[in-house]
Amino acid sequence: MRSLAWRWLTMAWCLPVLLVLGLAGGAEAEPATLQVSPDVVEISSFYQGRNVVVTGTMPEGLGAVVEVTGPSTEEHLMRKGRRGPLWMNVGAISVTGAPSIYLVLSSAPDLLKNQGASSWGFPSLIKNLRLSGDLKPDEHIMFKQQFLELKESQKLYASIPGGLAVFPAEDGRQKITGNFWLPANIKPDTYKVCLTTVKDGQTVDRVCTDLAVQMVGFPAFLMTMAYEHAALYGLLAIVIAIVVGAIMGYLFKGGGGH
Amino acid sequence: MPWNLYLPISGNATNILLLLGLGGGVGFLSGLFGVGGGFLMTPLLIMAGIPSTVAAATDSNQIVAASTSGTFAHYRLGNVDMKMGFLLLIGGVLGGTVGVQFIKVLRAMGNADFVIKVTYVIMLGVIGFYMFVESLQSMRKSTPEEAKPREPQKPSVYARLVQSLPWQMRFEKSGVTLSPIMPLILGTFVGILAAIMGVGGGFIMVPVMVYMLRMPMHVVVGTSLFQILFTCINVTFMQAVSNHTVDLVLAIILLIGSTLGAQFGVKVSRRLKADQLKILLASIVLLVMVQMLVGLVWPPHLLLGFKGGH
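Residue numbers (my numbering), protein chains in the order written: chain A, 1 to 258; chain B, 1 to 310.
Everything labelled a hint here was simulated from the structure, so no lab data went into it. The model shown is predicted, which means the values in this text are computed figures rather than measured ones. Watch out, some of these pointers could steer you wrong.
Stated by the list, open to error - List time: in silico DSS-like cross-link candidates among lysine-lysine, alpha-carbon distance up to 27 Å:
id : chain 1 : residue 1 : chain 2 : residue 2
1  : A       : 192       : A       : 175
2  : A       : 80        : B       : 117
3  : B       : 278       : A       : 136
As the list claims (entries may be wrong) - Examples of chain A residues toward chain B, derived with CB under 10 Å:
id : residue
4  : 30
5  : 32
6  : 44
7  : 49
8  : 82
9  : 137
10 : 141
11 : 158
12 : 181
13 : 184
14 : 213
15 : 219
16 : 234
17 : 238
18 : 242
We put the beta carbon where it would ideally sit given N, CA and C, even for glycine.
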């Protein structure tokens, strides 16, 4: 009897506490969401790079960072140096830990200027780069910076502070949207798009989705042919050139350039 | 920009009008001056952002098409010395094969771009300078009395050397007697350069045939085209198999542009004097050479580049 009364008392005391905790926990645990559109990009004959839109939601009062990252492979580079009057390649440098592509957008511009211990943006990227080859220990920082600039010049790396628009909150949640340009020289692969929500410079939540880039149609056919049936491709290139040359020659009565 | 076309071998999108314009421009010069445009096409493609190894290999493919019609036309006129052509061709095929392997090794070492550019600067510099000086001299000496036939001279060291080579044979069409070793060696040399530079080698082959093999001009052009056609077929095949750098789409666009451009070039050339044409061509050649030289001498913006020119 005593134990039943004790159980009821305990339950009555705990219920409101559990309810409060449960509600609060539910609000905070509701994760950020992220979508990319399109989620499959096709490289066809007229592909020239394309705009990709990211949208998402997150709890009110947070900052947002969106990163587009390609798989890391070992990159082989050459360092240039002067030999006599000429600039030429004077040594090989390998870079590991570098994503093939890295595009980063933020809600507040300051989020990407923050040099602290953040796990996003160019400062974090530089920290993860490992260089080896023909370089001295004191040249690492300079060549890491040069590597970033090289990738930026190819439009494969980009930092866009303030590139995400945040809309006023509804029911405690904010909508974010932004867009980035997927460059024309991107390689077919599966890329990760991740949204990191941030409060006071610290990661609150991180959610990721895939962005697939596929070569389709004629370019895909040509690539397969050139790499997997190289001899046939070579012959085809020659035959097409002779036929086109003969047709053009016939049309213009042999007046073509030689 | 709906005019961009994706080139899978180059791995990038390029403006189709720019490529047609390049093809057209080079074709125009080709028709205007009666020379192959290969030596201008490759550097211009590199300037347009095509990786240099792809530019060189694709240019060879384009020249296959361009020289097909020319060879056929000259063959019908009886301007092709088949015997000489075949010997040059054997050398050319050997040289082309060596050249392609050489590029492969250089790409692995990371200096293919550098060698291609330096070879261009040297060849364009020598030829441009020579043409410029020669046409300037002939413009000054255009009085009739200067055109007298020269007195027979003592054979030069070069002529004696050529005559001392074994297996002397008669080349009827060209009207010369020399050892087959000569065209074989010269063909090999031109073949190596053709593979490295991605050109037919006409601008090297024509002076070689005129000055070193002493062939008459009308046979030189036909035989050179015949040899170029087959050298470029070999180089295209080798590049496709060894380096995967032949961009068929790019080659076809350039070809269409160059064939159309050549028609205008031929029309304009009829209104200009030969020496004016030569000076103009020499200036263009030297301009391209200087542009490439500046690229080699000027400190680069970045001290880091991708291996293999990509």
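Structure-based check of each hint:
1. A:192 to A:175: holds (20 Å)
2. A:80 to B:117: holds (15 Å)
3. B:278 to A:136: violated (51 Å)
4. 30: For residue 30 of chain A, the interface hint is violated, since the closest Cβ of chain B sits about 42 Å away, which is over 10 Å.
5. 32: violated (34 Å)
6. 44: holds (7 Å)
7. 49: Holds - the Cβ of residue 49 of chain A comes within 10 Å of chain B, reaching about 7 Å at its closest.
8. 82: With a closest approach of 8 Å, the residue 82 of chain A hint holds.
9. 137: violated (17 Å)
10. 141: violated (13 Å)
11. 158: Constraint on residue 158 of chain A not satisfied, violated at 17 Å.
12. 181: violated (12 Å)
13. 184: Where the cut-off is 10 Å and the nearest Cβ of chain B is about 4 Å from residue 184 of chain A, the hint holds.
14. 213: This interface hint is violated because 12 Å lies over the 10 Å limit.
15. 219: holds (4 Å)
16. 234: Status holds, d = 3 Å.
17. 238: holds (5 Å)
18. 242: The hint holds - residue 242 of chain A has a Cβ within 10 Å of chain B, the shortest such distance being about 5 Å.
The structure fails hints 3, 4, 5, 9, 10, 11, 12 and 14 (numbered hints given earlier, in ascending order).
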